[in-house]
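Engineer: Residues per chain, in single letters:
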Amino acid sequence: MLLLLFAVVPLVGWHVPWVLPGTLDVVNSTGTLEVLALCFMFAGIALGYDVMFGFTGLLSLGPVLYFASGVYVFDIALTRWQWPLFPALALTLVVSFVLALVLGAIALRVDGIAFAMVTLAFAQAFFYLIEDNPHNLTGGDTGLAVSNLRLPSILSGAVANTRSIYWIALAFLVVTYAVVWLVTESVTGHVFVAIRENEARLNVLGIRPFRFKLASYVLSSLIASAGGVVYLLIIGTAVPSAVASTTVTLSVLIMVVLGGAGTRWGAVAGAIIYVYLQQYLLKIAALPSFTTLPAPLRVPLSQPQFLLGALFVLFVIFVPGGIAGLVGRLSTKRAAPSLASRWRDSKVAKAIEK
Amino acid sequence: MSVFLSITFSGVALGAIYFLAASGLSLIYGLMDILNFAHGLFMTLGAYAGWAVAVHLPSSIGAPGLFALSVVAAVLGGALAAGITEVLFIRPLYGRPVSQILVTIGLDLAVVGLLLGGFGSNSVRIPVPLWLIEATKVGSANLPNVDFLAIALGLAVLFSLEWFLRRTRYGIIIRAGVENRDMVSALGIDVGKAFTLVFVIGGAMAGLAGLLYAVVFSGDLVSPLQGDSLLIFAFIVVVIGGLGSIRGSALAALIVGFVQDYTNLYLGGHSGFAEVGNLSVVLLLALVLEWRPRGLMGSVA
Chain A
0 MLLLLFAVVP
10 LVGWHVPWVL
20 PGTLDVVNST
30 GTLEVLALCF
40 MFAGIALGYD
50 VMFGFTGLLS
60 LGPVLYFASG
70 VYVFDIALTR
80 WQWPLFPALA
90 LTLVVSFVLA
100 LVLGAIALRV
110 DGIAFAMVTL
120 AFAQAFFYLI
130 EDNPHNLTGG
140 DTGLAVSNLR
150 LPSILSGAVA
160 NTRSIYWIAL
170 AFLVVTYAVV
180 WLVTESVTGH
190 VFVAIRENEA
200 RLNVLGIRPF
210 RFKLASYVLS
220 SLIASAGGVV
230 YLLIIGTAVP
240 SAVASTTVTL
250 SVLIMVVLGG
260 AGTRWGAVAG
270 AIIYVYLQQY
280 LLKIAALPSF
290 TTLPAPLRVP
300 LSQPQFLLGA
310 LFVLFVIFVP
320 GGIAGLVGRL
330 STKRAAPSLA
340 SRWRDSKVAK
350 AIEK
Chain B
0 MSVFLSITFS
10 GVALGAIYFL
20 AASGLSLIYG
30 LMDILNFAHG
40 LFMTLGAYAG
50 WAVAVHLPSS
60 IGAPGLFALS
70 VVAAVLGGAL
80 AAGITEVLFI
90 RPLYGRPVSQ
100 ILVTIGLDLA
110 VVGLLLGGFG
120 SNSVRIPVPL
130 WLIEATKVGS
140 ANLPNVDFLA
150 IALGLAVLFS
160 LEWFLRRTRY
170 GIIIRAGVEN
180 RDMVSALGID
190 VGKAFTLVFV
200 IGGAMAGLAG
210 LLYAVVFSGD
220 LVSPLQGDSL
230 LIFAFIVVVI
240 GGLGSIRGSA
250 LAALIVGFVQ
260 DYTNLYLGGH
270 SGFAEVGNLS
280 VVLLLALVLE
290 WRPRGLMGSV
300 A
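Which chain is which? The protein sequence lines are A and B, in order.
According to numbering that gives the first Met the number 0, the first sequence holds residues 0 to 353 in order.
According to numbering that gives the first Met the number 0, the second sequence holds residues 0 to 300 in order.
Bear in mind the hints are in silico, worked out from the structure with no lab data behind them.
One thing to keep in mind: the hints can contain errors.
Stretch by stretch, here's where chain A covers chain B in the computed footprint (C-beta under 8 Å, at least three residues) [stated by the list, open to error]:
no., region
1, 92-100
2, 111-117
What follows is a list of derived Cβ distance ranges for each label pair [what the hints assert, rightly or not]:
no., chain 1, residue 1, chain 2, residue 2, range
3, B, Gly82, A, Trp264, 35 to 41 Å
4, B, Leu154, A, Leu286, 51 to 57 Å
5, B, Leu129, A, Leu148, 57 to 63 Å
6, A, Trp80, B, Phe3, 38 to 44 Å
7, A, Val203, B, Leu154, 20 to 26 Å
8, A, Ala294, B, Phe3, 47 to 53 Å
9, A, Pro299, B, Ile60, 29 to 35 Å
10, A, Phe289, B, Tyr265, 51 to 57 Å
Just so it is clear, CB atoms sit at the ideal spot from N, CA and C, and this is done for glycine as well.
Assemble the whole structure, with the sequences as input and the hints as a guide.
Structural biologist: This is how it looks when you write it as structure tokens:
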């Protein structure tokens, strides 16, 4: 139902003041569609990250590596080598798959905190590699804008094509959701959760956790790479500070925790809320009435990073299960008295009372 | 030869700063199982505290005096930030290690965001006395005086930390806590106090590291994102040295400093190799993990 609503959004021109940031209050305007497409893209990546972090319990601080490899390999194949769309896509996924397999196998030699640090270090190394601009492939600091004559015209990033890119982002989210749903509901998915809950017991049962951890890592990384491809289609250019820095990792982590780690729709909701808030806060900070506020108020409020970071801290301390946990708790609270009252009303209870 | 000597020397200075940044992280991890992301923030805040003191005090104190006060302010600033973090944000989350990591990440983002809002991405300059900018001639090599300062302070901290951990009551409690936290609290010792203490010590060292890094390697400049980029190398040093080991951190800091400096010198000049120093450090990390997943001096437990 919701899906259908989102699918037809580009076709209608509703006017929704205040809900969408600033001048974007027409639902199918280019800006709005772009924000929504970014929401869907990050929702997909957050879902993939949730498989590894929420379900398998692996705190990786390196998902940005695969996001960046998705963006850059795709960009380089399209722009530097002028490959057609599908070979470029295939190359991107193969490269990311091999990267994830090799680096994952090394990083998974350690666990817990050390794993987090090692994945962070690998991601940072990749960032340096991109900045280094080897063989003039990545464009270094200045980045690399997509330009490919063979790209189908509906994808060329022009304003009129935002609609098709929006649908691609939505399709990416739907496919990712389906894959994640299938995997987490399968036997493999149950092993993932078992690793999170008690890895030692799995060892005793004769199940080697390593392969499953690697599988979870690779799946999550591939989804991040595919998300990178979608990102490049939406934004049209790759800049290391926006695409490959640790900030991306931390954003995805925050999305998952805000939404509720280990729940599928929680990750999606967290990502959509995060991206939406980020864009909205930026628009508000630019309003003329806002810039006249006194500095001690204006400076903190004009920094989405500060507000989102503070919100995140509050969530971690006071709302441990994230939005999904909150909703779950509220609905069980409502369910609990009804169960009790049903018991009171039942014949058995009345018989005991007598 | 003189180039080799001065590069070696600056490698040791870099190692000294990495040691200051990493040993606190390592202690915090060893005692509390926390990957403290806010450590980069402590470094940045320490450097800003040093800058604020030097800029706002009257210059009649004299440049060397002002700089000494900057160093003190950096240490105190880092310690204060760390103490507040532990009491307000870590303490409510005892027993939830992942949440503790997450809260330090959020804190780092929020306060760095605030600094970015206040200072923009522009750097501020810490005033330093003239002799810190000069160099001393040793044999045929010109060795910068700031490197001497970093090495001297690094060694001083290493020895006082070793003394504190081995000879004082609280130090022994901390070491025992790193060994086996449950046993220490079972003996009726308040581990909570040790947690705060470890955070304060780590924060003080981080503040010092932040100031020294600004003075030695970034031309006296301080920027909001500086600590976070230093933090990643501190993490690498901690993992290579072995989580929870101070001597491991010292050794690994030195090795990482050397590797970064030598590769930068011998390979960094080629085009497309500007970041080779940073990359080779990560490669070193991967090699050490392949060979010894617990790090150089990590405990077996």
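Engineer: Each hint: holds or not?
Structural biologist: Status of the hints after comparison with the structure:
For a cut-off of 8 Å, the count of residues in the region 92-100 of chain B with a CB near a CB of chain A stands at 5, and the three-residue condition holds. Look at the region 111-117 of chain B against chain A: 6 of its residues bring a Cβ nearer than 8 Å to a Cβ of that chain, three or more, so the hint holds. At roughly 40 Å, the beta carbons of Gly82(B) and Trp264(A) sit within the given window of 35 to 41 Å. Checking the proposed 51 to 57 Å range against Leu154(B) and Leu286(A) shows it holds: the Cβ atoms sit about 54 Å from each other.
The hinted window of 57 to 63 Å between Leu129(B) and Leu148(A) holds, with their beta carbons roughly 59 Å apart. The supplied range of 38 to 44 Å is met by Trp80(A) and Phe3(B), whose beta-carbon atoms lie about 42 Å from each other. Taking the beta carbon of each, Val203(A) and Leu154(B) are about 48 Å apart, not inside 20 to 26 Å as hinted. Checked against the given bound of 47 to 53 Å, the beta carbons of Ala294(A) and Phe3(B), roughly 51 Å apart, stay inside it.
A hinted range of 29 to 35 Å holds for the C-beta pair Pro299(A) and Ile60(B), which are about 33 Å apart. In this structure the supplied range 51 to 57 Å holds for Phe289(A) paired with Tyr265(B), their Cβ-Cβ distance being about 52 Å.
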